[in-house]
Amino acid sequence: MDRLIALSLLLFSFSCAVFVPAERIDSDQMVFQYESAAKVQLIGDWNNWGGLTSSSMIVDPSCGVMENIDGVWVLSLPGNLELGRHRYAFLVNGSQFFTDPLNPERSMFFDHEVSVLLVD
Amino acid sequence: MTALFLALALVLQAESVETEESGLDFGLLFHSTASADLKTGLATLSSDSLTVFPRGSFSSDWINSSAEGALNYSVDSTFSSFETVSASISIRWPGSPWIGTGASMGQITPFLPGMNAPVREWQSYDVTDSTVVSVEAGGLLGFQGFWNQFGDSLSWYGVNSPWLGFGTVRWNGIRENSSELETLSGFLDLQRIQPWFLFVKEYSDWTYLTEVRGWQPFNNHQYSVEVVPSAFFGADSTTVGITGYLHGKSRAVSGSVAVLNDIDNVSQPTIDASLDILSVSGIAWALSTRLDELENFHGELSGFYRKSPAGCGGALEMFDDSLRATATALYSPVQGVSTEFSVMSNIDTNSPKPGCLLRVIGAGDDFTGSVTVEWGENSKTLRMEVSAWID
Chain P
1 MDRLIALSLL LFSFSCAVFV PAERIDSDQM VFQYESAAKV QLIGDWNNWG
51 GLTSSSMIVD PSCGVMENID GVWVLSLPGN LELGRHRYAF LVNGSQFFTD
101 PLNPERSMFF DHEVSVLLVD
Chain R
1 MTALFLALAL VLQAESVETE ESGLDFGLLF HSTASADLKT GLATLSSDSL
51 TVFPRGSFSS DWINSSAEGA LNYSVDSTFS SFETVSASIS IRWPGSPWIG
101 TGASMGQITP FLPGMNAPVR EWQSYDVTDS TVVSVEAGGL LGFQGFWNQF
151 GDSLSWYGVN SPWLGFGTVR WNGIRENSSE LETLSGFLDL QRIQPWFLFV
201 KEYSDWTYLT EVRGWQPFNN HQYSVEVVPS AFFGADSTTV GITGYLHGKS
251 RAVSGSVAVL NDIDNVSQPT IDASLDILSV SGIAWALSTR LDELENFHGE
301 LSGFYRKSPA GCGGALEMFD DSLRATATAL YSPVQGVSTE FSVMSNIDTN
351 SPKPGCLLRV IGAGDDFTGS VTVEWGENSK TLRMEVSAWI D
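Protein sequence lines correspond, in order, to chains P and R. Numbered by the numbering used here, the letters in the first sequence go through residues 1 to 120 in order. Numbered by the numbering used here, the letters in the second sequence go through residues 1 to 391 in order.
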């Protein structure tokens, strides 16, 4: 019986560590945790997706570069965003699109699933 | 390969390029790629190219101008060329953010934002004449209007309202030859709820989308749940839906469940669900599923440990009857450098054929470079890519 209780407690502790949400970083900036990334860029409709919508169709490596603070990438949004909806994504290592895990609103940008920001 | 080394050499000399601070800016965007089929050897480069985009701009209180060109260099065809990619000039009434006019080429493409998806995506239109004459005017009660004329075939115009105290509205239109598309979108703020709306008129057909935001039946200091009814009224169909959004307020979690139903086909709803959790232990979990009209299923579950310079994780992706698995490991020995190793395979067959990817990425604020080796059952390729901005 003691073993069963101990095993249950162990499984409960394990599931808490593995599945229970961590404390959300309190910030008025965009944040994205990815410590093993070399670079994260915040691209979206407001900056022409880093250049993907321009005639060159190449991501400008200096566009929307987020600052790495102990593995958490942070960047302030532009202050002049128009009212309405804006799509965005985190571009990791210059090639991989990630949605914002703290924002449940989703849309598509060509073949990529991206996040949607409501400015109201 | 030659082009790639040339690009690297230019990147390393970046600090010698001076920047002027008198409103005149100049910079260069480099992009270079090289790839080879490793089964036949490094000598068989399938592509090797270098593109340099010189960019210049001048701005003052009343004038903005910019120009961008492209110099292409390709070893394969010994082809090199220079072309003007874009150029623009705009004049603004000093002290006014609203009144201005300008002309440009190759710089903007029409885009009509929508609700869940854009009405017209960037580059939906094949703009044959990229020379644009633009006029912007506004200030009257805060309204702002614009007109962009692309050659003589395409016009993009619109009026945006300011915040009116109870909402905002935006009218947009695109006219191309004989086709015309207009949208009217915005939202109202009625204290507890916010109705968002979008009218789309194409030819003589109207469609109307609406959703009501802001209703939160559950809200505490850790989580809130927002329930959003929505409706789509088209010429041939009417769809109603309801979506529940989970927002983590003090917890790193978010999610949604949506049910959409065509009222002519009530027995076959489309169900969409997603959940993202960053757990206490640092694992980023993501689950997304979609069941189209109770027939076509797509689901994806992934877990990735991201809270250390050495991360690893896996993903399972299911399309109807097929199942694909990916395992990934990343390691960042120093800031700005990352190595990635991935193995992916279909696992619903008796003889899975895995594919592998090994990538080394180096990146800074102004450059990104990568070397990738991919190999599978019948192929083995090497790719190199460098992008850099020098100002």
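Hint data in this document are derived by calculation from the structure and do not stem from the laboratory. Glycine included, C-beta positions come from ideal geometry on N, C-alpha and C. Take the hints with a grain of salt, since some may be wrong.
What the hints assert, rightly or not - Have a look at the derived ranges for each label pair, beta carbon to beta carbon:
hint: 1; chain 1: R; residue 1: 81; chain 2: P; residue 2: 26; range: 19 to 29 angstroms
hint: 2; chain 1: R; residue 1: 131; chain 2: P; residue 2: 20; range: 21 to 31 angstroms
hint: 3; chain 1: P; residue 1: 77; chain 2: R; residue 2: 93; range: 52 to 62 angstroms
hint: 4; chain 1: R; residue 1: 237; chain 2: P; residue 2: 110; range: 36 to 46 angstroms
hint: 5; chain 1: P; residue 1: 26; chain 2: R; residue 2: 267; range: 37 to 47 angstroms
hint: 6; chain 1: P; residue 1: 97; chain 2: R; residue 2: 146; range: 23 to 33 angstroms
To be verified - Now the stretches of chain R that chain P is said to cover, found in silico as 3 or more residues with beta-carbon under 8 angstroms:
hint: 7; stretch: 141 to 147
hint: 8; stretch: 169 to 180
hint: 9; stretch: 185 to 198
hint: 10; stretch: 239 to 247
Checked hints:
no.: 1; hint: R:81 / P:26: 19 to 29 angstroms; result: 52 angstroms, violated
no.: 2; hint: R:131 / P:20: 21 to 31 angstroms; result: 58 angstroms, violated
no.: 3; hint: P:77 / R:93: 52 to 62 angstroms; result: 28 angstroms, violated
no.: 4; hint: R:237 / P:110: 36 to 46 angstroms; result: 25 angstroms, violated
no.: 5; hint: P:26 / R:267: 37 to 47 angstroms; result: 46 angstroms, holds
no.: 6; hint: P:97 / R:146: 23 to 33 angstroms; result: 30 angstroms, holds
no.: 7; hint: 141 to 147; result: violated (count 0)
no.: 8; hint: 169 to 180; result: violated (count 1)
no.: 9; hint: 185 to 198; result: holds (count 5)
no.: 10; hint: 239 to 247; result: holds (count 3)
In the structure shown, a violation is registered for the earlier hints numbered 1, 2, 3, 4, 7, 8, in ascending order.
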